[in-house]
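Engineer: Below, each chain spelled out in residue letters.
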Amino acid sequence: AQSVTQLDSHVSVSEGTPVLLRCNYSSSYSPSLFWYVQHPNKGLQLLLKYTSAATLVKGINGFEAEFKKSETSFHLTKPSAHMSDAAEYFCVVSPLTNYGGSQGNLIFGKGTKLSVKP
Amino acid sequence: EPEVTQTPSHQVTQMGQEVILRCVPISNHLYFYWYRQILGQKVEFLVSFYNNEISEKSEIFDDQFSVERPDGSNFTLKIRSTKLEDSAMYFCASSEKAIYGYTFGSGTRLTVV
Numbered sequence: 001a002q003s004v005t006q007l008d009s010h011v012s013v014s015e016g017t018p019v020l021l022r023c024n025y026s027s028s029y030s031p032s033l034f035w036y037v038q039h040p041n042k043g044l045q046l047l048l049k050y051t052s053a054a055t056l057v058k059g060i061n062g063f064e065a066e067f068k069k070s071e072t073s074f075h076l077t078k079p080s081a082h083m084s085d086a087a088e089y090f091c092v093v094s095p096l097t098n099y100g101g102s103q104g105n106l107i108f109g110k111g112t113k114l115s116v117k118p
Numbered sequence: 119e120p121e122v123t124q125t126p127s128h129q130v131t132q133m134g135q136e137v138i139l140r141c142v143p144i145s146n147h148l149y150f151y152w153y154r155q156i157l158g159q160k161v162e163f164l165v166s167f168y169n170n171e172i173s174e175k176s177e178i179f180d181d182q183f184s185v186e187r188p189d190g191s192n193f194t195l196k197i198r199s200t201k202l203e204d205s206a207m208y209f210c211a212s213s214e215k216a217i218y219g220y221t222f223g224s225g226t227r228l229t230v231v
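Protein chains in written order, with this note's numbering: chain A, 1 to 118; chain B, 119 to 231.
Hints should not be assumed to be uniformly reliable.
[Said to hold, decoys possible] Computed spacing ranges between beta-carbons, pair by pair: (1) 3/A x 202/B: 22 to 30 Å; (2) 140/B x 115/A: 33 to 41 Å; (3) 26/A x 177/B: 14 to 22 Å; (4) 54/A x 121/B: 22 to 30 Å; (5) 15/A x 125/B: 32 to 40 Å; (6) 140/B x 26/A: 46 to 54 Å.
No lab work stands behind these hints: they were computed from the structure. Being a predicted model, the structure only gives us computed values, none of them experimental. Note that CB positions come from ideal geometry on N, CA and C, so glycine has one too.
Turn these sequences into a full structure, and let the hints guide you.
Structural biologist: Here you go:
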């Protein structure tokens with residue numbers, strides 16, 4: 001069975017300092033992994049995705065995530081936080097094969113709320 | 119950039135009433151989904167739709183729910199007789215192929231009173 005664990009429900013950083021949002025996954029198959037961001041009263045925006053190509057994935061707005069199979073982790077990082085990064089972030093696993101097998105549904109983590117202090 | 123459009127953004131309905139949530143997926147996408155997020159809880163999968171039929175559904179998606187693609191552009195979620203516990207944010211999503219990532223709409227907040 002596939003699952004996603006986001007280790008922190010809330011992370012608070014100061015503007016200009018690094019961001020680390022942690023995610024561990026469990027998947028029977030080679031997973032596709034995603035990070036989505038949700039700003040208040042907005043939809044879910046795709047930040048980045050891992051689909052078994054390069055293990056270090058670059059996304060929008062300066063975010064990156066590294067797929068570490070040995071640690072079953074897919075942590076999201078950003079070198080320098082901006083006030084506009086304050087939002088909720090979801091780590092998501094898709095129980096697909098990496099050659100695009102069945103169109104399985106997405107499994108969401110509980111989310112991490114990122115606060116950015118001036 | 120192409121968007122998934124959902125209407126209305128907020129709907130209030132009385133318990134027992136039928137509601138239809140509407141979505142316009144991205145035009146070249148082939149896979150369509152509904153998810154929901156009850157306040158304070160995880161985003162949960164409801165149903166996926168491909169080639170004019172349901173391809174997968176969760177336990178939440180019982181006989182009260184149905185989906186339809188009535189005209190080749192809209193994708194609707196109908197709840198036949200709403201219950202208080204159906205109050206949630208409902209997200210529509212579409213994808214060309216799931217490994218590319220899904221594009222979500224901005225959601226419809228359904229409040230059942």
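Engineer: All hints are to be evaluated individually against the structure, with a verdict given for each.
Structural biologist: Right, here's what the structure says about each hint:
1. In this structure the supplied range 22 to 30 Å holds for residue 3/A paired with residue 202/B, their Cβ-Cβ distance being about 29 Å.
2. Take residue 140/B and residue 115/A: their Cβ atoms lie about 34 Å apart, and the range 33 to 41 Å holds.
3. Range check, residue 26/A to residue 177/B: about 20 Å between beta-carbon atoms, so the 14 to 22 Å window is met.
4. At about 28 Å, the CB distance of residue 54/A to residue 121/B agrees with the hint of 22 to 30 Å.
5. Take residue 15/A and residue 125/B: their Cβ atoms lie about 36 Å apart, and the range 32 to 40 Å holds.
6. Between residue 140/B and residue 26/A the Cβ separation comes to about 35 Å, which falls outside the hinted range of 46 to 54 Å.
Going through the hint list in order, the structure does not satisfy hint 6, though it satisfies all others.
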